[in-house]
Amino acid sequence: MIDINKIRKDFPVYSKQPNIVYLDSAASSLKVRSVIEQLDHYYQDLGVNVHRGAYELAYQTTMLFEDARQTVAKFIHADEEEIVFTRGATSALNMVAHAYRDILKPGDEIITSELEHHSSVLPWMIIAKQTGASLIYIPLTSSGRITVENFKSVLSDQTKVVALTHVSNVMGYLTPIAEITKLAHEKNAVVILDGAQSVPHMNVDVKLLDIDYLAFSGHKMFGPSGVGVLYGKKHLLNQLEPFEYGGEMADIVLKDSVTFKEAPMRLEAGTPVISGAIGLAAAIRYIDSIGLDNIHQHTRELQQYTLEKLKQIEGVTIYNESAENPVITFNIDNVHPHDIATLLDQNHVNVRAGHHCAQLITRFLGVSSTLRASFHVYNNKQDCDAFINAVIAAKNFFLAF
Amino acid sequence: MNIEHLYRQVIMDHYKSPKNKGIVADNSYMTVHLNNPSCGDEMTVQVKVQDHIITDVKHQGTGCSICCSSASVMSVTLKDHTIVEAQAILHEFYELIKGYPFNQEILTGDAIVYQGVSQFPARVKCATLAWKAAEQAIIKIKEGKTNG
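If you're matching them up, the sequences are chains A and B in order.
Just so we're aligned: the first sequence equals residues 1 to 401 in the numbering used here.
Just so we're aligned: the second sequence equals residues 1001 to 1148 in the numbering used here.
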């Protein structure tokens, strides 16, 4: 069992905003004190660049930065050389897609899904247009799930890329990615996994899943914004055409030619997000200190507790009761989500209203927007009760007109 | 922030019983379609001008109560004004939405109730979407553009 009162004390925002009922962690999590302290440590005590300087401060900073890489690698069961620090998951996914602009040919097929966040589907939509490759969508089940059977129905000898979300940011569904990857590899296709929603909530073992690339962000797992990770199998990262050229990524530079360093350096042009990387490592240490399984068990309990109460409110439509991730997406009859969100905010309940940067799945649901409540380790049953009471109050408010 | 300042009875009345709703297939109207990409709201506004006077305004869209009611109020507010007057009214409406002082002789009627929106920054886009569409339609008409 985890001690929620103790955990809440680790998140300084609660001391400034004691009334906040924060249920928008799928957009961005709250930030933990040890991360903020680590950022402070870098800016207060170090403040210099990595890899370049031949002086004590630079050694210390480089060591901290490379330790962070090691921490991230261990967290997802990768090797250090397979971890590229990026600006975020979006940046990581774009880096991979960009490199395939010179690889894909007309007739090649890219498999994706309507469950994707825009950052997972838009880069491939553009690359498909530029290369003449086709973008193929996995048919979803009636409830909006990706299944292995449905994946098989679109997999072909032309499939070169499979770009999928591990967990949908709207539906919270877990993609059966291990089986899909096995099938994709039989066709020699590469698998790019958007782990922005899964990595903060469940153990993601890149070796076990055998995926080729994984992208995730720091800010959804108590870490800083502005940092993310691209994992790639070593031999693939070393073939990937860099998205940016600049400092510390080149090996030998002549007037008309250049060779690049080995991964990950070849993909980290310029001064990296130093504070972000060491902040992310602090976030991972925090997660490890609680345990992902404990976090998941706790948030699943809150999700089930809230679902049971939400289901009893007349006029509520829930779109994802069977979600594996702690996300509840819903609407209230005859009231626009944005109107509800404003009313919830009156009771300090923070949820998301809109299409959640995933217009395809919102359209699949047949609506223009939805409400989404998402949970993380710092939430408690009082949050759930406050949420339910605020939903009832909001519904009654609009019924009164 | 007082929720009663945002959701006024007048606003909810326009939401439930909008005026001038429904667009027409008529080329004498200038048509502008706008989205609010962050929330999925969309709004089509049609403006008809004869001899520099706005003789009709139509709107059709999906969105929250603030967005849809505001389209209805906009249509009522701009109708029968010259395009020069309409542009002055638009300016005063944006001032009101930002919570700034506005000219109460230029901006009159139901539009005044949107004053409360300034306390809810997240809803400013909702309240102004239809007005922005009307503004673009008027600019296009002034520039002598036609539909398509």
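Worth flagging that the hints you see were computed from the coordinates, not collected in a lab.
Where a beta carbon is used, it is the ideal one built from N, C-alpha and C, also for glycine.
Among the hints, erroneous ones may be present.
[What the hints assert, rightly or not] Derived BS3-like pairs: lysine-lysine, alpha-carbon spacing no greater than 25 Å straight-line:
id	chain 1	residue 1	chain 2	residue 2
1	A	395	B	1140
2	B	1125	A	261
3	B	1140	B	1021
[Unchecked claim] Just the calculated beta-carbon pair ranges, DEER-fashion:
id	chain 1	residue 1	chain 2	residue 2	range
4	A	208	B	1012	49 to 57 Å
5	B	1044	A	300	56 to 64 Å
6	B	1012	A	239	36 to 44 Å
7	A	385	B	1012	39 to 47 Å
8	B	1098	A	256	17 to 25 Å
[To be verified] Just a sample of chain B residues kept apart from chain A, beta carbon distances all over 12 Å, derived:
id	residue
9	1016
10	1021
11	1036
12	1063
13	1101
Each hint tested on the structure:
1. A:395 / B:1140: Violated, at roughly 41 Å.
2. B:1125 / A:261: violated (48 Å)
3. B:1140 / B:1021: Holds: residue 1140 of chain B and residue 1021 of chain B sit about 21 Å apart, inside 25 Å.
4. A:208 / B:1012: 49 to 57 Å: holds (54 Å)
5. B:1044 / A:300: 56 to 64 Å: violated (43 Å)
6. B:1012 / A:239: 36 to 44 Å: violated (60 Å)
7. A:385 / B:1012: 39 to 47 Å: violated (28 Å)
8. B:1098 / A:256: 17 to 25 Å: Between residue 1098 of chain B and residue 256 of chain A, where Cβ atoms are some 56 Å apart, the hint is violated.
9. 1016: violated (7 Å)
10. 1021: Given a closest Cβ separation of 16 Å, the condition holds.
11. 1036: Violated: least Cβ distance 9 Å, not greater than 12 Å.
12. 1063: Its Cβ does come within 12 Å of chain A, the nearest being 7 Å, so this is violated.
13. 1101: The assertion about residue 1101 of chain B holds, with a minimum of 25 Å to chain A.
In terms of the numbered hints stated before, the structure departs from hints 1, 2, 5, 6, 7, 8, 9, 11, 12, listed from lowest to highest.
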